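*Asks:* Kindly produce the complete structure, drawing on both the sequences and the hints.
These are the residues of each chain, in order.
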Amino acid sequence: MPKSQRKTRLLSLAVLLTTLAACTDTAWNNPYPAEQTGENIYYSSFDERPKHLDPARSYSENEWAFISQIYEPPLQYHFLKRPYQLIPQSAVALPEVVAVDAQGTPLPAGADPQTAAFTDYIITVRPDLRYQPHPAFAHNAQGGWRYWPLDDATLSSVNTLNDFPERDTRLATPADFVYQIKRLAFGPNHSPIAGLMAEHIVGFRDFAKASGAAYRELKRETGEADPWLDLRQIDMAGVKVLDGHRYRIRIRGRYPQFIYWLAMNFFAPMPWEADRFYGQPGLAERNITLDWYPVGTGPYYLSENNPNLRMVLARNPHYHREHYPTEGMPGDREAGMLDDAGKTLPFIDRAVYSLEKEAIPRWNKFLQGYYDASGIASDSFDQAIQFGSGGEAGLTPAMRERGIKLNTAVETSIFYTGFNMADPVVGGYTEKARALRRAIAIAVDIEEYISVFTNDRAQAAQGPLPPGIYGYLDGAQGYNPYVYALTDGRPRRRGIAEAKALLAKAGYPNGRDPKTGAPLVLHYDTASAGPGSKAALDWYRKQFAKLGIELVIRATDYNRFQEKMLKGTAQIYTWGWNADYPDPENFLFLLYGPNGKVAYRGENASNYSNPAFDKLFPRMKNLPNGPERLAVIQRMVEIARRDGPWIWGFNPKAFSLHHAWYHNAKPHLMANNTLKYKRVDPQLRAEKRREWNHPVIWPVAVIALVLLISVAPAWIAFRRREREAAR
Amino acid sequence: MGKPVFLLTDILIFVLVGLTLLFAWYAHRHEHLRAPWRRVVQSRTALGALVVLGFYVVVGLLDSVHYQPRIDTRANGDAIYSGEVRSLFDWIAGPLRANQEKTYSAPFAVHLYAKENIEQPDGSVVRDYPRLDHAGAHLANPDDRWADVAQHAERGLAWGLLVWAVGVLLLAAVRARLRRTALAESVGTLLRGRTHYPWHVALWTLLVMCLLIGLIATVGSHYHILGTDKVGEDVLYQALKSVRTGLMIGTLTTMVMLPAAILLGLMAGYFKGWVDDVIQYIYTTLNAIPGVLLIAAAILMLHIYLSNNADEFTSVTERADLRLLFLCLILGITSWTGLCRLLRGETFKLRELEYVQAAHSMGVRHFNTLLRHILPNVLHIVLITVVIDFSGLVLAEAVLSYINIGVDPSMDSWGNMINGARLELAREPVVWWSLAAAFVFMFTLVLAANLFADVVRDAFDPRLRNSR
Amino acid sequence: MSAYVLRRLLYAIPILLGVNLLTFVLFFVVNSPDDMARMHLGGKRVTDAAIEQWKVDHGYALPLLFNAQAEGGDKLTETILYQKSLKLFQFQFGQSDSGRDIGYDISQRMWPSLAIAIPTLLVGLLVNITFALLLAFFRATYLDFWGVVICVTMMSISGLFYIIGGQYLVGKLLNLVPISGYDTGWASLKFLVLPVIVGVIGGIGAGTRWYRTLFLEEINKDYVRTARAKGLAEQWVLFGHVFKNALIPILTGVVVVLPLLFTGSLLTESFFGIPGLGSYTIDAINRQDFAIVRAMVFLGAVLYILGLILTDISYTLVDPRVRLE
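Chains as they are written, first to last, in my numbering: chain A, 1 to 727; chain B, 1001 to 1468; chain C, 2001 to 2325.
Read the hints as simulated data drawn from the structure, not as lab findings. Predicted model only: the values in this text are computed from it and were never measured. Be aware that one or more of the hints could be misleading.
To be verified - Ranges of calculated distance between the beta carbons of each label pair, as one might list FRET restraints:
hint, chain 1, residue 1, chain 2, residue 2, range
1, B, K1003, C, I2150, 46 to 56 Å
2, B, W1432, A, E691, 22 to 32 Å
3, B, G1193, C, V2149, 16 to 26 Å
4, C, Q2083, B, F1023, 46 to 56 Å
5, C, A2003, B, E1312, 47 to 57 Å
6, B, L1263, C, A2003, 27 to 37 Å
7, C, T2316, A, E224, 48 to 58 Å
8, A, R321, C, E2052, 41 to 51 Å
9, B, F1367, C, L2064, 39 to 49 Å
To be verified - Computed cross-link-like contacts, BS3-like style, restricted to lysine-lysine with a CA-CA straight-line distance of at most 25 Å:
hint, chain 1, residue 1, chain 2, residue 2
10, A, K432, A, K500
11, A, K653, A, K666
12, A, K500, A, K542
13, B, K1115, A, K542
14, C, K2055, A, K209
15, B, K1003, A, K546
16, A, K546, A, K81
17, B, K1349, B, K1272
18, A, K343, A, K666
19, C, K2244, B, K1349
20, A, K405, A, K666
21, A, K515, A, K432
22, A, K505, A, K542
23, A, K219, C, K2055
24, C, K2075, C, K2055
25, A, K546, A, K505
26, B, K1003, A, K515
27, A, K405, A, K688
28, A, K564, A, K515
29, B, K1115, A, K405
30, C, K2230, C, K2244
31, A, K653, B, K1115
32, A, K564, A, K500
33, B, K1349, C, K2221
34, A, K432, A, K343
35, A, K542, A, K432
36, C, K2084, A, K219
37, A, K564, C, K2055
38, A, K542, B, K1003
39, C, K2055, A, K567
40, A, K209, A, K240
Using N, Cα and C, we set each Cβ at its ideal position, and we do this for glycine too.
*Replies:* Encoded structure:
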C-alpha cells in the first residue's frame, strides 16, 4: 500500500515538474508570464496596498509612487539639478507671483512686499495637456454622454473600470485645476491639507461651508447616500479662471512656501466629468471610485488595479511632449545620466508593481533579476555592501559580478528623540533642565545607534535641519557645540564624564535623586512593540544606564501612543519627519510654539515654545534664500540647540541598488514622478535572468531516489511482520 | 541582598508547584494512582526526560524568585534599592548578564562580527573587526583563544565530573546502607542499570547536565559560548532566561484552560439537552471569533490599562510580567474550546456504551458516573492534548510575536529570539547562533515533554497496559 | 435528522448575535472612533474638524450602544452597534472604512486561499494518515520510536522556518519555482507548488503523531483482537477496523479546521505574496478598519457553525451508534 502511494506521488511530482518545464521556455522560477520576456516593462514591488489614489486625499509616499506618474500638478522638480529646483510640469512656466493690496490691485514696483494684503499666483496651463483615455469622456453617437447616466443593464455587468470599453480624452483646462482646488475644500473628500490651505487660500473656508450646506441639501433632495455635487456651481473667492489658458490662486498675505505645494499632486487638474462619472449610484459599491481609478494627464495611466496582487501602469497615449533634461550637475554626464538628453519621455511602456509583503522574498527576487531595483534591508546589507578602507560604501564583489549598481543619498528627513517640554522632570527652560537634557543627549550615543541599527546608513543630526535643506551647514561649521566638541578640526561627541558633570549640575549626582537617594527614573514612550524593537529598546536602556538613570520603557499600541502625545503625558519619545518640500520652514516649524501638539494639535510634538525662536520664525519664513535668511536660521538653530528639546538623532541615508539594465537611476528625494525618466534594456535583462536562474533538478532526483530506496527495507519489514502475524 | 519582589506569575507558578506536590503526596497515598506512576519511573525514556525537564524547571523556578538589588545605603542606614528587578538566576548567571558587547559576535569569538572604522593611535582610520570588550579580553594575543578555551573547558568538565561523582557516591552510599551491600558493588549496580528503577539513565543524563553546567560556568564567564545578539547581549543568557517564559506559557495556560475544558466538555457530551446547548453556545461563540482578534484585543486592553495605571507598574519587568500573564489567560480562553469539543465528542460516544447505560439505569448519580466511568476513559485525550498544546503554545508564541501580539518585547523568549533572528536570516555571512540557540533549547524541552508524556499515556491507559 | 439540522440552524442566530456583540465590544474598547478617524486620515496635518467630518461621513459619530438623547426605540437604534450590525445579518457587508466593497474583496481573495488550503489539507491528510498507519503497524519497534522522535523534531520547528527554508532551498538555490507571487487561472499552479509542499511538511509532525495516537487507541480494543484472532491479515485489520473506527476523531479534527481553510494562513500568504484572506483580518485590525473586522468575524462564525453541523451529521454517517435527536 505505502509503496504504490509513494510511487504515485513521485510520478505526479515528476509530471508536474515536466509540465512546468514544458510551458515555459524561460526560467522555471519566473514569476511573470513568459510572453512578457523581452518587453519594455519595469518591474517593481509594493508592500502595502495603497489606501487612497485620489490626489486630494493621498498623502503618503507609497501612494505617490503610483499617482505621481498619473497626475501632473503645475510644477515639478528638475530631475538632475541639485539643490532641488522647481520647473514647470503641467504649467507652461513657473507661476507669476504678484503681491496685491487689499483691493486686489498689484503693488507698485519697489513697494515693500511685507505690506501686501494678498499674493496672487497666476499659472498658465500647457495647451497640449490631454487626459488619459477614460470612459467618463466617452460620447455616444448622438453626442450625448456614453456612460452618464448609467442604465441598470450596463451597471450590473461591471466590476472594474475596464468593463467600460469605450474611452475618450479631452484637453485639460484651467477650470480643471480650479475644480481640483475646490475638491480639496469639499468636506467629504477628507483632504489632509484642507486645514492648512484654509489658512492660506482666500475663500477656501467659505467654500467648504457653502459646499457642505449644498451637499446636505442635495442629499435631502435626492435621498441618495452619496450624490454628486457639481462644485463648478459654487465659487471660491480666491481661485479663478482668468482665460482659456490661465488661472489664479490668491493667498492671504505672503506664504513663499506655497509654490512647493504646487508641485504636489493635490494641485493636479481634475476633470469634472470624472467626478460626475464616479459619483453615479452603484459604482461606489463596486469599488469604482476616483479613489481607486485615477484620471490624469501624466505619462502613465493605471491599466490594472488589483491591490491584492499587482498594480500595472501603462503608457498614456495622449501624453504631451516632454523631453529628458539636457543639463545636469557636474558628474552626471560621466555617470551616464545625460545619455538620453533631449529624448522624448517616457521610455518604459509598462510598469508592473507586485505585492510583496516580506523583505526576504523581495530581496531574493531582486537577486534573481525579477525586480529591477531594490532598497537594502538591514539583514541583507552585508551581503550587498562593504565599506572601503576610508569608510566609503561600495558593493561587494558578488554584487559587482552581477553588474548591480549602488546609489546613495542622505535623505531629507530626521529621526529624533524628543523630550516633552511640558514634563516636570525633563521639560522646562531652567538651566537645570537644560543640563539634564544635555547630559542625556551626550550619553545617548547616536553614532553607536547608527552603526548597530542602520549599518552606518545615517549621519548624526546636529540640529533640526537635514543636509540638502537650505541653512544646513556641514562639518566644523555646523556642529552642535552642546553635545560635540571640536578636536583635530572634527566634531566629536563629548565624553561621558562631562555628561555626568552636567547631570550633577542638573541636581542628580550619579543619576540619583538627592531627596530619596533612589536612581532617577525616566520614561520612554514608544509605539513599537515588534520583535525587531527589543534590541533598540534594550539599547536605549543601556545608554541611560551609563548615567545611572533608569529608563522605563512604556511600549504601547499606536492609538495609545498618539493619545499620550496629544495629551502631553509622554516623557521621552522618538519621532521622525520627512520633508514635504526642500525649505527650512518645513523643519523649523516642528519647533514653532504655535504649532504645539497639546495646545494647537500641530506637529511640534515636544511642545517646545521659546519666545525668541517663535519671533524669528515668521521672518525666516518670508525671507528669500540669502545671507539674511541664513543668519536668521542660524540664530534659530542655536536657540534650539541650547534648549535641547530633542536629542537630535540622525538623518538616514538611502541606499538603493539597481541592475545593469536599469538606467537613469539618480536618486531624487523630493520627486516621485521619476518613472518617466527611467529606461530599461529588456534584452540584457532576459539574458541575465536566463543565466542566473538555471533550474537545478538533481537534488529532486536524489530525494526521489532516497525515497525509493527507503521503501525497500520498509517493504521487507512489512512482509516479515505479515508472516509473523499470520503465524 | 535586596528587597524581594513578588510578580504575579511568580506567585502563580509557585502555587502550581505546590499543587503538584500536593498531588504527588496524594498519589503516593493511593495505590491505584501510585502504580501507574511507578511504571512511568520504570521507563528509561521517562526518567531521562524527567531529568532534562527537571533542569528546565530548576532554571525556571530560580528565575521566578525576584528581588530589587540594594545599591546604596542612606545616611540613616536605610537601604536604597534599584528600580530594576532581578532574579536569583540573574545573580547566579552574573557574568553572562554583565558581559555585554557592542553588537553581534560569533560563538567563542574575540572580535565583533562586523567591521568598523577603528582609529589608530596615529590618527589614521582602519576598517577592521574590533576586539570585544569582555570575551577573551584577558588574552594578549587573540590567536591563543582556542588553547585558552580548552583550558577553561577542562576545568569546567572536571568540576562537573566531580560534582556528579560526589552525587553518585552519595546515592550509592544510601542504597548500600539500605540494602546492606558494599559501596563499590552498589556503585556498579547503579551505573550498569541492574536496579529495579533505571537509575543509570537518570545518572548518565545527569552527568551530561553536570558537564554542561561546568562548561558554562567556566568558559561562559570568559567567552560568549553562543555568541551575542544585535545589542551585544549574551545569547546563552537569553536562551536560559527564555526557559521561564516558555514554561510559563506552557503551564499557566494549561492551568487556566484545563478545569473549564474538562468540566464543560464532559457535561455537554453527557447531559446533552439544554446543558449541551448552553455550553455549545459559549464555546461556539468564543471559537467563532478568530483567536488573533481576541489576543490582539486583550493585549490592546492591557495597553490601555497600563497607560491608565502607569504609576503602579514602575519597572519594565512588572509591565512585561503582566503582559505575560494576560497572554496566558487569553491563550487559555482561546484554546480550551478545542479540547472541550473533543471531549464532548468522545463523551457522546462513551455514554452510549452498555456499562454507562447500565450505571445510569441502576441509578448511579450523574456526577459519579462522570467521574468513575467517563473521565478515566477520556483522560488520555486530555494528556495528549495538553502535551501537544504545550509545545504548540511555545511555538505559537513565536507566531504571535510575528504580528506584534506576543510577549512583551523587553522579555526574553524563544519567540522573540526566533523572530529577531528571522530578520537576520538573509544576512550574509549568516547570523545563525540566536536561531540555533532558541531552536536547541526549545527543541530539547518539547522533545523531553513529549517523550515523557508518551510514557505517562501508556502507563495511564488501562487498555494499552494490558496489551503490552 | 432534518429537525436536528433545523434546530441547529436556529441556534446559529443567537451565536451570531453573540459573536457580533463581542466583536463590537472588543473592537471599541480598544479603538475609539477618534482613533479610527486618525488612523484613516493619516499621520500628517490632521485637524479635529477633519476627524469630526470623517466620523459623520462613516457613521461613527453616534453613541456606541445607547443613545440617551434619542426618543423611544431610537435610543437603541440610533447607535453605532445597531446601524452597523443590521446589514450584516442580510449578508450585506457594505464598504470598508477606507471605501472598498468588502463583499467583492472577499470574493476575490477567497480563491487563492482555498487554492492553497485545500490541496494542503488533502495531501496532508493522505501523508499523515499513511505515516500514522505505518507507525501503528510497526508499533513498539524502533521504527515507531524513531518515527515519533522525528515527528516531535518536526513539531518543534516553528512554521516560519519551513517557509524560509523552503523558499531558500527550492526557490533560491534550485531555481525550481518562483519564490513568491501569484497569478490567476492555471498560471497560478507554479506559485502554489511550494506553499503546498511547505504546508504539508510543516504539518507532518503534529498530524502523524495525533493520528498514530488515535490508531493505537483502536488497535488495542477487543474487536481488533478478535479480528486478528480470526486470522485476518494485519494490514486488513488496520484498514478495515482500526482506520474506520478512528474516523470519528479524524473527522472532528478535519471539520473543525474547515472554516480556517477559507480564511487562509497568515504566515504562508504573507511570505509567498499570495493575495488571500489570511492577512485580510489582521491587516484590518492593524488599520482599525472596523467594517472589515466585523464582516470577517461574522463570516468566519457562519462558516464555523456550518462546519459544526456537518461534523455532527458525519458522526451519524460513520458511527451508527451515535444518534442525533
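*Asks:* Now look at each hint and say whether the structure bears it out.
*Replies:* Evaluation of the provided hints:
1. B:K1003 - C:I2150: 46 to 56 Å: 49 Å, holds
2. B:W1432 - A:E691: 22 to 32 Å: Cβ of W1432 of chain B to Cβ of E691 of chain A: about 30 Å, so the range 22 to 32 Å holds.
3. B:G1193 - C:V2149: 16 to 26 Å: 21 Å, holds
4. C:Q2083 - B:F1023: 46 to 56 Å: Because 53 Å falls inside the window, the suggested range holds.
5. C:A2003 - B:E1312: 47 to 57 Å: Roughly 56 Å apart at Cβ, these two residues keep to the hinted range, so it holds.
6. B:L1263 - C:A2003: 27 to 37 Å: Holds: the Cβ-Cβ distance is about 29 Å, inside 27 to 37 Å.
7. C:T2316 - A:E224: 48 to 58 Å: The hinted range 48 to 58 Å holds for T2316 of chain C and E224 of chain A, with Cβ atoms some 52 Å apart.
8. A:R321 - C:E2052: 41 to 51 Å: 46 Å, holds
9. B:F1367 - C:L2064: 39 to 49 Å: 43 Å, holds
10. A:K432 - A:K500: 13 Å, holds
11. A:K653 - A:K666: Holds, because 14 Å separates the two Cα atoms, which is no more than 25 Å.
12. A:K500 - A:K542: The given pair, whose Cα atoms are some 15 Å apart, holds under the 25 Å limit.
13. B:K1115 - A:K542: With Cα atoms ~22 Å apart, K1115 of chain B and K542 of chain A stay inside 25 Å; holds.
14. C:K2055 - A:K209: The given pair, whose Cα atoms are some 17 Å apart, holds under the 25 Å limit.
15. B:K1003 - A:K546: Since the Cα atoms of K1003 of chain B and K546 of chain A sit roughly 23 Å apart, the hinted pair holds (cutoff 25 Å).
16. A:K546 - A:K81: 45 Å, violated
17. B:K1349 - B:K1272: 12 Å, holds
18. A:K343 - A:K666: 17 Å, holds
19. C:K2244 - B:K1349: OK: K2244 of chain C and K1349 of chain B at ~15 Å, within 25 Å.
20. A:K405 - A:K666: 11 Å, holds
21. A:K515 - A:K432: 16 Å, holds
22. A:K505 - A:K542: Holds, because 22 Å separates the two Cα atoms, which is no more than 25 Å.
23. A:K219 - C:K2055: With Cα atoms ~17 Å apart, K219 of chain A and K2055 of chain C stay inside 25 Å; holds.
24. C:K2075 - C:K2055: Holds: K2075 of chain C and K2055 of chain C sit about 19 Å apart, inside 25 Å.
25. A:K546 - A:K505: 17 Å, holds
26. B:K1003 - A:K515: Since the Cα atoms of K1003 of chain B and K515 of chain A sit roughly 20 Å apart, the hinted pair holds (cutoff 25 Å).
27. A:K405 - A:K688: Roughly 15 Å separates the two Cα atoms, so the pair holds.
28. A:K564 - A:K515: Given that 25 Å is the threshold and the Cα spacing comes to 28 Å, the pair is violated.
29. B:K1115 - A:K405: 22 Å, holds
30. C:K2230 - C:K2244: The given pair, whose Cα atoms are some 18 Å apart, holds under the 25 Å limit.
31. A:K653 - B:K1115: 19 Å, holds
32. A:K564 - A:K500: Since the Cα atoms of K564 of chain A and K500 of chain A sit roughly 30 Å apart, the hinted pair is violated (cutoff 25 Å).
33. B:K1349 - C:K2221: Roughly 15 Å between the alpha carbons, so the hint for K1349 of chain B and K2221 of chain C holds.
34. A:K432 - A:K343: Violated, at roughly 62 Å.
35. A:K542 - A:K432: It holds: about 23 Å lies between the C-alpha atoms, which stays within 25 Å.
36. C:K2084 - A:K219: Holds, at roughly 20 Å.
37. A:K564 - C:K2055: Roughly 21 Å separates the two Cα atoms, so the pair holds.
38. A:K542 - B:K1003: 23 Å, holds
39. C:K2055 - A:K567: 21 Å, holds
40. A:K209 - A:K240: The hint holds at about 18 Å.
Violation of the numbered hints given earlier is confined to hints 16, 28, 32, 34; the remaining hints are satisfied by the structure.
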